[in-house]
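There are 4 protein chains.
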Amino acid sequence: MRPIVFLAIATSTLLSADDKSVLQHTMDTRAAHYGEISRKIWEFAELGYKEKRSAELLSSELRAAGFAVVENVGGMPTAFTATWGQGRPVIGIMGEYDALPGLSQDDTPLRKPLVEGGPGHGCGHNLLGAASLFAAVTIKEWLAANRIAGTIRFYGTPAEEGGDGKLYMIRAGVFKDVDTVLSWHPSDQNGASLKSSLAMISAKFRFYGKPAHAAAAPDAGRSALDGLMIMANSLEFLREHVPVSTRIHYVITNGGSAPNIVPDYSEMFLYARHPGMPVLDGIWERVVKCAQAGALASETRMEMELINSSYNTLPNDALAALVDKNMRLVGGITYTREEREFAETIRKSLADRGRPIGSQEGIEPPQEGQGSASTDAGDVSWTVPMAEISAATFVPGVPAHSWQSAACAGMSIGRKGMLVAAKSLVLTAVDLFADPKQVEAAKASFEKRRAAFEYRSRIPAAQKPPLTYRDNK
Amino acid sequence: MRPIVFLAIATSTLLSADDKSVLQHTMDTRAAHYGEISRKIWEFAELGYKEKRSAELLSSELRAAGFAVVENVGGMPTAFTATWGQGRPVIGIMGEYDALPGLSQDDTPLRKPLVEGGPGHGCGHNLLGAASLFAAVTIKEWLAANRIAGTIRFYGTPAEEGGDGKLYMIRAGVFKDVDTVLSWHPSDQNGASLKSSLAMISAKFRFYGKPAHAAAAPDAGRSALDGLMIMANSLEFLREHVPVSTRIHYVITNGGSAPNIVPDYSEMFLYARHPGMPVLDGIWERVVKCAQAGALASETRMEMELINSSYNTLPNDALAALVDKNMRLVGGITYTREEREFAETIRKSLADRGRPIGSQEGIEPPQEGQGSASTDAGDVSWTVPMAEISAATFVPGVPAHSWQSAACAGMSIGRKGMLVAAKSLVLTAVDLFADPKQVEAAKASFEKRRAAFEYRSRIPAAQKPPLTYRDNK
Amino acid sequence: MRPIVFLAIATSTLLSADDKSVLQHTMDTRAAHYGEISRKIWEFAELGYKEKRSAELLSSELRAAGFAVVENVGGMPTAFTATWGQGRPVIGIMGEYDALPGLSQDDTPLRKPLVEGGPGHGCGHNLLGAASLFAAVTIKEWLAANRIAGTIRFYGTPAEEGGDGKLYMIRAGVFKDVDTVLSWHPSDQNGASLKSSLAMISAKFRFYGKPAHAAAAPDAGRSALDGLMIMANSLEFLREHVPVSTRIHYVITNGGSAPNIVPDYSEMFLYARHPGMPVLDGIWERVVKCAQAGALASETRMEMELINSSYNTLPNDALAALVDKNMRLVGGITYTREEREFAETIRKSLADRGRPIGSQEGIEPPQEGQGSASTDAGDVSWTVPMAEISAATFVPGVPAHSWQSAACAGMSIGRKGMLVAAKSLVLTAVDLFADPKQVEAAKASFEKRRAAFEYRSRIPAAQKPPLTYRDNK
Amino acid sequence: MRPIVFLAIATSTLLSADDKSVLQHTMDTRAAHYGEISRKIWEFAELGYKEKRSAELLSSELRAAGFAVVENVGGMPTAFTATWGQGRPVIGIMGEYDALPGLSQDDTPLRKPLVEGGPGHGCGHNLLGAASLFAAVTIKEWLAANRIAGTIRFYGTPAEEGGDGKLYMIRAGVFKDVDTVLSWHPSDQNGASLKSSLAMISAKFRFYGKPAHAAAAPDAGRSALDGLMIMANSLEFLREHVPVSTRIHYVITNGGSAPNIVPDYSEMFLYARHPGMPVLDGIWERVVKCAQAGALASETRMEMELINSSYNTLPNDALAALVDKNMRLVGGITYTREEREFAETIRKSLADRGRPIGSQEGIEPPQEGQGSASTDAGDVSWTVPMAEISAATFVPGVPAHSWQSAACAGMSIGRKGMLVAAKSLVLTAVDLFADPKQVEAAKASFEKRRAAFEYRSRIPAAQKPPLTYRDNK
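Chains as they are written, first to last, in my numbering: chain A, 1 to 473; chain B, 1 to 473; chain C, 1 to 473; chain D, 1 to 473.
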């Protein structure tokens with residue numbers, strides 16, 4: 001392994017492009033190792049809070065690199081932090097590594113599950129964790145080689161897909177001393193993001209009634225399904241009277257056991273989303289009233305279990321500008337002939353192809369916007385200044401949470417995107433370490449955007465991490 | 001006017017058939033007068049609580065006959081009592097005289113409104129009041145002529161059709177000292193009734209929301225119509241889980257004013273019915289919960305105004321047997337050739353002709369059964385022993401509340417039925433006066449059927465008679 | 001094994017009570033053998049269309065007794081017939097042997113599953129099959145011993161619990177040549193039945209939509225859940241406008257897979273019932289319209305799979321009278337002290353204890369009535385004259401489809417009831433063989449009740465037996 | 001009356017500001033006359049298609065000024081055109097004059113209806129018609145005085161508020177030969193508009209069922225209200241799956257007549273809107289499917305009567321620029337002390353005051369945007385190039401369709417706004433007459449925006465103008 005560059009710099013300015021070029025070059029020589037790690041995690045394909053082998057692989061690499069690892073953060077067996085260095089600033093890099101149910105897929109451009117119905121890395125979190133690891137280790141070496149003060153920390157954040165590991169890590173206090181967090185996510189394009197995600201609250205609404213023989217004594221029963229149906233109908237009437245950017249969607253996870261018995265149990269799983277949490281709070285209150293109305297009208301009992309609560313992402317203008325500058329140094333991705341063929345084949349399976357092949361070669365400028373996804377990184381972004389980076393790990397047009405993205409995440413295209421991400425993280429981090437004004441600017445942007453709003457998770461303080469939330473899937 | 005028969009009887013046995021025959025004969029000679037009174041009320045066609053001229057006509061006849069008239073009973077301008085005699089027993093006869101909206105009809109067998117859209121006597125209450133008057137006056141003369149102790153009282157009961165005058169008369173205490181009440185109703189057959197009616201509660205449910213421009217700011221509005229719709233949907237889910245003999249039916253009397261405004265007001269008019277009031281109480285509680293759920297889920301305010309509450313009729317076995325015996329003396333109705341032609345013509349307009357022409361000549365035996373109508377006489381029947389008599393004022397097959405019944409009520413067929421009713425009332429009353437054991441038997445039957453159940457009206461004590469309930473029709 | 005009695009009778013009168021007493025006595029000596037068979041099937045506890053070992057045990061016994069066995073009737077591996085004799089009359093006896101899911105229970109008066117969540121004989125079909133076997137073999141021996149003409153046939157009918165094996169056996173023609181069928185069922189009382197069951201149709205309604213990201217592009221999706229919900233709402237509105245004795249009940253067996261995806265699939269499982277099939281046909285048409293409306297309004301596709309269709313049972317007056325007479329010879333059941341203790345313990349676990357201990361000692365007279373269950377024996381009863389017998393295999397008050405009934409079916413109380421059933425079947429069958437007038441009377445009763453109505457199964461002709469219907473439970 | 005200015009101009013350039021200043025000055029001297037006309041129409045306060053006196057007043061003024069009047073256009077008694085001049089270009093000016101129900105209001109800043117519940121000019125159409133008249137006459141005189149070729153035409157367009165008079169005028173062909181149409185509307189601000197309105201379709205959905213006594217035979221009825229309710233529920237489920245800018249809102253205009261009768265008639269009045277007509281077409285199709293589903297599921301019959309169909313307004317960039325330039329010459333409105341007090345008082349009655357007092361003194365620059373209202377002028381804008389002008393006839397913050405706007409429309413503030421409008425129309429028209437390139441530019445802008453889309457009204461060709469649409473209000 002080639003040693004990290006020694007930089008005779010005064011740590012109060014940005015690194016020169018030349019220095020950064022040397023750093024990138026060094027990383028190219030190490031990319032294969034981290035690519036293999038991403039492949040292993042892709043093969044593990046472990047679901048949220050079950051990512052034992054993935055977390056272990058990442059933390060053992062970090063430990064080997066000299067990081068101090070703290071495990072079982074916030075009571076979550078697959079959450080950990082790995083810290084190296086001392087003094088300020090403290091720069092964090094987040095890594096995720098959980099897979100998605102039902103998306104098992106080989107690294108082929110045609111649908112081919114590895115395990116029928118099994119989980120797969122349809123959101124590319126295998127790359128996410130591995131690139132962040134790659135960046136953290138590189139930064140550590142750079143700090144050490146240049147004897148620069150400061151602390152680099154890797155956050156091993158489990159169960160991003162619906163388990164909200166980051167919320168419980170925030171609650172555990174591990175983000176308290178960090179100055180800036182760098183975050184990236186697999187995508188079909190490259191660029192620093194100024195887009196926001198949707199704030200989201202989700203819950204399971206459970207109704208408890210009184211069973212009775214549905215033919216012999218329907219009047220003796222109190223139908224838990226009726227309670228749920230009245231709630232659902234009420235929600236539909238609600239839609240007209242919430243702000244247009246609201247989203248409310250639900251499925252019925254238990255709609256009664258047998259037709260000849262008045263159901264004494266039913267369950268709805270519901271998400272509500274809005275671009276801003278305070279507005280969402282008001283909407284959520286009304287959702288709960290609909291549930292209470294269902295119970296009231298049907299003489300059943302309703303219990304709500306809050307499952308998720310994610311803030312919308314708070315963009316950071318200073319960090320976006322800094323990332324953008326660095327990504328333009330890193331550059332985009334050029335496909336080999338084989339990769340291009342893979343890309344063309346996989347795009348044939350898409351209904352809507354969006355951006356064209358070739359677009360992955362460029363870097364998109366940061367742009368305000370409203371995404372439609374939700375993520376627990378949103379909560380981090382309201383806690384500390386956070387950068388958000390996209391890298392084109394997926395063929396242009398391939399959406400996340402698809403078998404196509406799972407395929408890309410297992411082959412060279414995914415690994416090329418991962419390298420773009422790792423380099424962008426490293427170059428941005430070294431700027432932050434080298435120039436305190438950058439950290440100040442990030443903080444100023446943070447304060448301006450949040451406008452004195454105090455973050456408070458909507459998850460009740462007593463609620464434990466939903467470690468088994470994937471069991472009933 | 002021919003004088004009433006003098007009877008040298010010991011007042012401890014039933015009258016002989018011969019004596020009754022003389023009484024009937026006397027009544028035949030006076031029938032034309034009371035027939036004219038029925039025709040006048042038919043022409044007045046006054047709606048509930050508006051029956052000024054009808055009530056005045058009846059009370060002036062009673063006053064002329066020597067009865068002591070008390071007007072404005074229970075705060076109702078068209079409710080009155082007329083009493084004659086002294087001592088026990090006190091026998092009551094009830095008379096109704098309100099018309100129905102929209103049933104204006106000439107005395108012809110083809111549809112021909114007298115006033116387009118105007119009210120008409122589709123329930124034959126013009127005959128009801130006149131026959132009861134006829135009976136009361138006849139009984140008074142018979143009591144006087146024979147110097148028999150006892151009191152005869154006519155109850156002028158307004159607004160039977162949805163205004164529930166009798167409930168407020170009961171509340172006013174005018175039924176407290178009565179021993180037995182005789183009641184009759186126009187029908188398409190003759191007979192003493194053992195059938196029950198349905199207990200009923202009705203109310204208007206009003207929702208109050210917050211208006212907003214439906215295109216510009218639907219989220220600023222809280223839809224009163226949504227509240228009502230959620231209530232309605234909840235009620236539909238309720239249907240499966242109430243006893244099968246329950247009836248719940250409603251209309252939407254206000255569903256918003258203009259499509260481009262989020263409705264801030266809506267109204268539902270709902271009836272619930274069941275054969276027994278205690279069960280209905282439980283059902284009603286659940287109906288109200290559905291309304292509350294509508295308000296809760298839509299963030300609107302709900303107000304309920306109770307409109308009606310009628311008990312199911314409590315049949316009286318002893319009185320039914322006594323009436324049956326007397327009706328067999330009175331006999332049924334034979335049509336003239338013109339009446340038969342009228343009957344045949346009118347029956348052509350019926351979808352379902354039910355019993356045949358000729359059936360009005362007989363007397364049906366008393367039979368248990370469950371009717372589907374509701375009446376405020378039900379409340380009287382839980383207060384004192386009450387007889388219920390049917391007389392064939394309508395052509396066989398003609399249902400109540402139809403233009404066909406309004407036509408019959410205005411011509412000779414109606415008047416023939418009215419005479420059967422008046423005679424049956426008289427013969428039964430004289431038996432009750434003549435034989436104290438009959439009154440005892442009626443009371444025993446009453447106690448047996450009600451089984452210690454204490455009558456209590458579901459109308460709140462503070463609620464006043466709905467004197468204007470016909471205004472918004 | 002004690003030989004069957006030889007009867008020097010003229011086959012044109014009923015057997016004498018004495019002869020029957022001898023027959024019963026013989027059966028007592030063989031009861032243990034058949035009790036063991038019932039226990040084995042109880043232990044097999046095989047679900048509908050999976051009753052391989054149960055069917056094999058029964059058919060091997062019949063084959064050993066000289067019956068000609070036909071297997072795989074109507075394409076159902078566990079349906080068979082076993083026939084002995086020749087000429088008329090042909091008398092059939094039906095045997096069922098399928099268990100119920102989730103009712104695994106030891107032969108103890110306290111809840112104790114043998115296999116947690118496993119199947120159990122909560123409807124006592126282990127006794128049903130074994131008693132019918134016992135009867136068939138006894139009758140065969142009696143026919144042989146007395147050289148009486150006629151044919152006895154055992155119908156091995158699988159999957160009564162929702163699989164409707166008998167419908168496919170009727171379709172296969174195996175009931176065409178039979179004169180009378182004798183049927184019995186475990187119960188908590190003894191007696192010939194004149195009660196009817198409810199005609200029933202059940203189906204799975206499946207909606208197919210178009211998936212979309214529920215937050216990003218809800219307008220691109222067509223929700224299969226919406227289709228189902230609109231259907232469900234429509235059904236609730238339907239309730240007011242079907243005859244009061246109708247039953248419609250449903251559960252939602254698939255209500256979408258994940259909240260963040262517009263569901264492209266949903267499923268409702270629905271039963272509709274009514275005392276008569278022609279009326280039910282009309283109701284069913286309207287149920288289907290509700291489903292079509294759901295698809296129409298939501299722009300989804302709806303597919304209906306008919307699962308069950310059972311006729312109401314057509315009682316047979318002549319057979320009920322004959323059975324009643326014979327059951328009075330057989331008599332009821334007396335408990336030992338241990339059995340009484342078992343009964344008292346098990347009754348403590350019942351919310352509603354119904355008839356008292358001791359009632360199982362008597363024979364209930366046949367009585368018209370309307371049950372609330374449904375059975376595929378109903379279809380047989382519209383095809384040929386059918387007797388229906390109840391025997392007190394369950395402790396009084398114990399309902400079918402409970403762990404309590406599963407417990408009884410595995411111990412001596414169940415076996416005592418089974419003996420009552422077997423004897424009643426035998427005595428009735430010998431009367432039918434001995435006296436042709438009895439068969440004529442049964443046929444006359446059948447023709448009178450069905451009143452020219454022609455049986456036709458509501459299952460489409462092309463639909464195969466749902467051999468895997470228990471797989472997705 | 002002061003004569004119009006004579007202009008020695010070459011008709012191929014815009015008029016100079018000086019010449020325009022002279023024109024404005026002339027108009028100031030005539031403003032009182034047209035102010036009085038606006039006041040008369042304000043007092044007439046005639047509803048859509050009932051505007052006889054208003055239309056007569058306007059057309060008689062035009063006739064007097066030498067215009068050729070064509071009445072009863074498109075079969076509408078209150079629709080007319082008035083034309084003067086010859087040759088091209090043909091410039092149209094539209095005038096509306098219908099009032100709104102329920103908005104009767106005196107010219108006071110406190111709520112004070114002139115006629116309780118009566119109609120009033122809450123949309124300021126009294127000003128609209130009068131200012132357009134003022135402009136048309138002025139232009140005619142200017143054309144005549146300067147002997148300029150070209151034709152000026154006034155379009156008397158009735159029933160803008162829901163009656164869509166313009167659609168039937170387009171259909172009658174009176175817009176075929178026009179080159180450019182100038183349109184203005186009362187507002188609380190001044191400016192040329194580039195905003196669009198919403199395309200809208202509205203209809204009455206009527207359900208026809210089968211009546212039955214709701215207690216005696218609910219199963220014999222087919223509820224028209226059920227049909228409507230199922231439609232309504234289906235619409236609520238639809239909301240999630242239409243584009244977010246869609247609006248669907250409805251009221252129930254008939255929800256059954258009496259609770260004790262299964263409703264055989266019901267009616268819903270529904271609006272659907274979207275920024276673009278082709279998308280709205282697709283949404284409308286789905287609305288109709290919901291209605292059909294309601295009928296299907298309830299076994300009722302559904303009839304739809306299309307009431308309105310308005311296109312979104314197609315802005316015209318060239319005309320907006322031209323209007324903007326002229327309005328800056330005209331300038332805004334300065335209040336007297338009394339007017340300011342009036343404005344301050346009236347603003348106290350507003351929940352949301354929007355723009356401040358003083359803002360009416362300026363001219364807003366043209367800006368793209370999406371309004372939430374709909375208008376039949378939208379259809380004109382897809383037929384010919386159309387300018388849209390706003391003038392501050394209402395106190396800043398006062399919304400249209402309010403008693404506050406009706407008050408303003410009757411007093412000096414309204415008349416000042418009307419003068420701004422009239423001048424802006426005149427100055428723009430003379431530019432169009434003077435400079436053919438302006439008309440060409442307007443046409444080019446029109447072609448560019450409509451992008452080959454061919455206008456076609458959604459009103460069926462056979463449908464007549466809804467001349468009585470205000471009768472059932």
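Hints were generated in silico from the structure; no laboratory data involved.
Don't take each hint at face value.
Since copy identity is lost for identical chains, a pair holds within one copy or between any two.
[Said to hold, decoys possible] Below, a list of computed lysine-lysine pairs in the DSS-like style, where the Cα atoms sit at most 25 Å apart:
#1 K112 with K210
#2 K112 with K325
#3 K437 with K210
#4 K289 with K112
#5 K448 with K437
#6 K289 with K204
#7 K464 with K437
#8 K210 with K348
#9 K176 with K112
#10 K176 with K348
#11 K112 with K448
#12 K176 with K437
#13 K40 with K52
#14 K448 with K210
#15 K443 with K464
#16 K210 with K289
Handout entry: Contradicted hints - numbers only
Key = 2, 3, 4, 7, 9, 10, 11, 14 and 15
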